[in-house]
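S.K.: This is what each chain is made of:
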Amino acid sequence: MKKILFKSGLVALTAISVISCKKGSENVEISKPLLIVGQSISDTILPKLDGSGNAIPLKGTMLAGKTYHIKADVTINQGDTLYIQPGVTVLIEGDGQSAKTSPTIYVNGSLVSDGSKTAQNWFTVMETSTVKKSNPTYKDDAANDPAFKGYWGGFQCGPNASLLLLRWSHVEYTGSTWGENAKDYGAKSGDAKFTIFMNSTGAQKGSLIVEDSWFYGSKDDGIRPNNIYMSIMRNTFSKMGGTGGEATNIKDGVYGDMAYNLTYGIATNGLKTSGDIGKPMVVNIYNNTVVNCGFRQTKATRNGSINTETNAGGFIYNNIIVNCKAGLRISYASEKGKPSDTLNTMYNNNLTAIGRGNAMGGAEQYMVFIEPNQFTQKQSYDLNGYVNGPVASNGTNAGTNTANDSLKYDPMFVNYDMAAMSLERNYRVNQIPAGADFHLKSNSPAIGAGVFATGTGKNAYPKKASAPSLTQYGFPMKVVAQGGTFGANMSAPNKDLGAFPTDNSGNQHTY
Amino acid sequence: MVRTILVFFLFFCSISTTFSQQADHIFKGKILDANTKEQLPGATVRVTELKRAGNARLDGTFSIDKVPAGNYHLQVTYLGYQSLDTVVNISNATTVTLLLQTNTRALNTVDIRTKRNVESEQSAKKSEQLSDNVVNIISAKAIQLSPDITIANVLQRVSGVSLERSSSGDGRYAIIRGMDQRYNYTLINGIKIPSPDNKNRYVPLDIFPADLVERVEVSKTLTPNMEGDAIGGTVNMVMKNAPNRFYVNGSLSTGYNQTLFDRPFQQFSVGAINRKSPYEAHGPDYLAKPEDFTRDNLNYTKKSFTPNAIGNLSIGNRFFNQKLGVMLGGSYQHTYRGYNSIFNPGEYLDKANADGVLYIKHAYVRDYSTEVTRTGLNAKVDYRFNDNNKISLYSFTAILSDAQTRIGRDTLQPAPRTAPGIGQVWYLNRSKFQRQTINSTTLQGEHDLLPARLKLDWSAVYSKATSIIPDLTEYEYDGGFYKDGTKEEPYQHPNILQPYSRAWWKNNDRDYAGYANLAYSNKIAGIPFKATVGGMYRAKHRDNFYQNYNMGVVQDGQALQQWTDIYHFNWTVLNPGGSPAEANNYRADENISAGYAMLKFTVKKLETLIGVRMEHTDQQFDTDVPVTSDAKSGTINYTDVLPSLHFKYMLNNRTNLRLSYFSSISRPGYFELVPYNYKGDEWTERGNPLLKHTTANNFDLRYEFFPRPNEQLLIGAFYKNIQNPIEYGFARTGVQGQLVFQPGNFGDASNFGMELVYEKYIRNFGVRVNYTYTNSSIETSKLKTFNQVFLDPAPLEKRPLQGQSEHIANAALLYKNPKLGLDAQLAWQFTGKRIVLVSPYYGFDYWQRDMHMFDISAEKTIAKHFTVFAKVQNLLNTPYEVYIKGVPDNTVPVPYQKAGSKETLAQKDVYGQNYQLGVRYVL
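As you go down the protein sequences, you meet chains A and B in turn.
In terms of UniProt numbering, the first sequence is residues 1 to 511.
In terms of UniProt numbering, the second sequence is residues 1 to 923.
I should point out that these hints are in silico values taken from the structure, not numbers from a laboratory.
Don't take each hint at face value.
As the list claims (entries may be wrong) - Some but not every residue of chain A turned toward chain B, in silico, with C-beta under 7 Å: (1) S98; (2) E180; (3) A300; (4) P339; (5) A392.
Unchecked claim - Computed, partial: chain A to chain B, Cβ under 7 Å: (6) G179; (7) G278; (8) E335; (9) R425.
Virtual Cβ for every residue (Gly too), placed ideally from N, Cα, C.
So here's chain A without its partners, still in its complex pose:
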């Protein structure tokens, strides 16, 4: 990856951006060198066309402060890098009506969107009289909410893409349909594009690093990679999937971490991992907060919070699940999924709270702590109202959910009343309420309930010597480059549960 960058040429100019971090009580801001990769892209109407009207592939640097307009598909060629400085706005001029009128960013090389907390980057649709953006009044109206219109095609990576890095970046209104090149991406013409699709079928696994970013609105799945290394940390996902779709749907051959993400109002699961028959994957899922998920999926049993199936493994710890259709599921078999890799799966120290005071059924949508007859059991330090039942010969557990345990495991968010948000159809709301704060009140049961590096007893890091993949990849696994502009900024598991621990080290977003 670095080789490619040197090939493109690295040019350091005067410092204009700063790096900010907290050192105890001190606020320290130290300037960061300005980075320009290759040539600056000064034209803001893209793509540029050559003499015969073909789009010229994109490479070089998008400059801070500029607003770029993408009028048609743009492509970053294999070996090329598009570097986007902090503070760039990319407006995609799409209407979601057809593939032709809904541009897509194709990445066959590297794309680095290097936003910062103070200079965030935007990838959003250009609003027009007919292409409207969503707004907070659309709380649960998938039929009309522009968030689900799929105005543009997101980031589609080719088989040899080496790096897609989004940092402090907003990605909104993706999910337009596939057109004539669908077959090159294993898709079907007419199907919705995922916000980020990446599948390294070339010689080397590419890297996907998504951190501190916001994903708002998509027609189908958000992040859906195969065969890569990844780190997905401290992001916020809301309004993902119109009538089906996950915020992240991680497929076979992926190794990495998903942590400190907030997924809110997702059609199906917030976070899902699903390998394939004979093709394993290991992804650690920790310290995420998953709220109001699973209620727009029309299929009955695709779970609705965190789900692993078909040969997926990993450490699943320290997550908070609130008012979702169902809590964590380690699948044996659903109508789509096949057995998870239970040998290479460890899970514990997760909190699941549901806010429904009485039994569910009839026209009301299901809400349970754990879906019975899958592998999932209530573990020793889990906080939920599931009672383990007998284990069948195939390893599934026929337990029961205690309806009276509703609200019992309330994680006590600083500003989010889970009880009120479970009433009527509030559990279906997919717009994060203004001012919501998913940090933990001091009396939260989630405080000090997590595993962390120096923890002991119930807080001790999990280990399973008999699980070869878990032993090999570790917890957290750090399979992508760490640190710097082109690496990931990893957050380790916290002693508190959820994405917003009391030491403020996790997700930095406010709502």
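Since the structure of chain A is already known, use the hints to place chain B on it.
M.R.: Positioned in the frame of chain A, the structure of chain B alone reads:
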């Protein structure tokens, strides 16, 4: 039902005993053709003095009882023969042989080489005996008497032929000697026809009504003058020719299907279907709106009892001093059929520290209602300028319309199913309408350039096949019965509507072809020989159109939308621009040029045919995918040299011994080469531009004994060595871990077997038996996991070719009573177990169980020229059952499984009996 058969046998026996009682004297004899000594079943012998008559039976014999001794005048008559008047003296048990002269000579204004009655069984047998290659022939008379109404069903009576069924439950494709339809081709009057199939080059044989043919020839070996792309064999339908005299043959019948007595026919409005997709109707920039999609074609109503209507009429004559011959034929079949199906596809589950296991997730119950309209039109005009020059114009059209309703229910086997009655239930209803047409028009000439020495024949052909499947749609809503532990009684999950899709398919296949053959016959040193050279060229163009719209479900306020009826289903169009540039939109061209030379000569009793054929294939395809995509277009060309050598050793005039070798090929379907990517019923299907064509070396040995002209004993053996056979299998795309179902070359295969055909007639009874043993073998790599990881390298699994049964048998018991004008037939058809679908997983292939089908048919003359007939197909209501070896890992018992069985029932289709009753007029 066993009782039905017993009754049938008793019926036979009682008739035969009734008419064989002893009296004064029994007058017995045979009526034969004076020249060929063929028996003439049905010929009448009249004893003038007694005003009594007898008819020759199936074996050519007749018998008249209670004849007092004395001298009698006999009048012997038979259609197409000069009548014979003679006198006999009957005393004791007299046996006579009566010889009739054919009356063709009387018509001999020009050289009429037409056969006496080409539709007859005897004529068929004669052709088999005289043929240069290994051929089986079914005559029109045999078809008329059989219970079959389509050519496909007729073919299963031929030795070594079994059928593959279409989704409508009808036999559709012929598998010849275990080689599936791709290895065979179809001809009309010797001319290859294009296919309306949307994917393949083989022709669906259920499109052809059986009653327009003069005979069907199944050739199992190829001579150099035949096109070389058949490894199993070829099916040639010889349509009715202009007769020598005024000819009328018509029938009218009706019938019904037992399934539809038991449950209603579910019908949708075919007229409501938009024949064109929004894309075609409004242009490529059109953005489809929800109201562009019709609802009436998804609204199912119960149709009241409507019987089938089946009719055909053929009329022919010769004019202008026999020079101009005209034959016109039409056939119309309008039938309703229903069948019920269960389908439990097998899935593969990984296991920790163990091999993967079989698991059943879906248990579909599907009720099919199919309305089929089958139309055939046949016209032939020939003109004989003189003895040496003849031209003919021939045109045939077949149209098959098929409207099928599929009402389905899928009970999901995984959780939340914890016991029968609890779990998810998905409801899926599908409307499919398909219209396929084939038209072939041929202008042919035959010229004796040097009479009895040099002969030229040529053909110019225009053919077209089309298929359209407009608005193929299946909508779905999910419900079921759940138990959440809070109540004893399960509650009903609301029926939630699901996203679905609507697709339009259309394809055309057009051929221009020319054929020419020049044959020279002479003798050198007393050795007669015939040298033939010829060539052909065919330019084929095919285009395929596909458009798919994904329909989304509009949320119903703050809830998921529930099913009420199709008129309240609120949907959106997820891809208003359609599915542009699907690889399914493709154009393919194929130009075949071929030439051959062959020499036939006879030294004493050994007839040798040696020759070689060269075929050059030039294919190209072009798709609408962008220029930046892989395999947007391609050209493929290759040349094959196909030698062949056939020996026929005539031990005597009733016995032949044949030995032949030929080399042949099979070309991939055009669609198989195109890089399409189509999500099918169960899998994603994908093309393979790198697919190679198949080549084969074929060896045949056959002993033929024709004890009497309509009796035969054939014993044969064959061996085929096949390189690069094309089988469908699963491959990984590397994209999203997806397995795709695609055609591939899975290494070489071998196929050997033996055939036995026996026909025998004793007085009023006849028996026809054939049996084929086939053993083919191919080794392909399969997917298998241990401890959740694929074994690497993938293990090899040896199996027979898809569609090949080890044992295929037919038996027919015939009864003919000329006195009563009664013909009856009981037919048994056996297809032994075979793989109907190859699984990507080791040991999970889908096997069809042994299948015995019984059909019965009878006809009786009721007045001069009039016959009534009755047919019952599938007398015992034999189910079509498919299983996977092994027991599923499910903890909740899978429906319809036999307790303790080592197999998993994956599919069971129950068709019900089909009844047909009609009247025929023959002049």
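S.K.: Which numbered hints are broken by the structure, listed smallest first?
M.R.: Per hint list: zero violations.
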